[in-house]
Amino acid sequence: MELKHGILITTQDAPAAYRLAIAGIHALRRNGHPITPTQQRITTELSNLYMATKGHTDVPTPPQQAHYNQPITDPTTTKEAAQLLGVSPRQARRIAKHIGVTKQGREYIWDKTHILDYLGAQP
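For the sequence shown, UniProt numbering gives the first residue as 1, with consecutive numbering after it.
These are calculated hints, taken from the structure and not from any lab test. Be a bit skeptical, because a hint or two may be false.
Heads up, simulated DSSO-like pairs for lysine-lysine below, C-alpha to C-alpha not over 27 Å straight-line [unchecked claim]:
1) K103 <-> K54
2) K79 <-> K112
3) K103 <-> K79
4) K112 <-> K97
5) K97 <-> K79
Kindly generate the complete structure, drawing on both the sequences and the hints.
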């Protein structure tokens, strides 16, 4: 991957950048436009940066980059994933990190093939 363009957001600029991103997300929702995963990811990262500049120590660590490079060929919901795994949706969310699930905001993006691979690897 080659970085051709970029911006540097200082700790002083973080609050303004976060407010700008949030205003954009609210405008998109208000006008009936969908929020793309990229827009959601950028807003989440700006939120984490903003919280870190305010002294929060509970800022979540970013997910591993490897999950973004793996295409999801057969997406499924958390409820369907829980049924496949034979557990409750809450328990499915707990084991999601072992399956390689991508989380976008509050939603988990499951790949049915990864779930089946996980089930096949269990003794």
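Status of each hint after checking the structure:
1. The straight-line distance between the Cα atoms of K103 and K54 is roughly 24 Å, inside the 27 Å bound, and the hint therefore holds.
2. Only pairs whose Cα atoms come within 27 Å are accepted, and K79 paired with K112 is accepted, the gap being roughly 12 Å.
3. For the suggested pair K103 and K79, the alpha carbons sit about 15 Å apart, so the restraint of at most 27 Å is met.
4. At roughly 14 Å between alpha-carbon atoms, K112 and K97 fall within 27 Å of each other, so this suggested pair holds.
5. Simply put, K97 and K79 have alpha-carbon atoms about 16 Å apart, close enough for the 27 Å limit, and the pair holds.
Against the hints set out earlier in the document, no violation occurs for any number.
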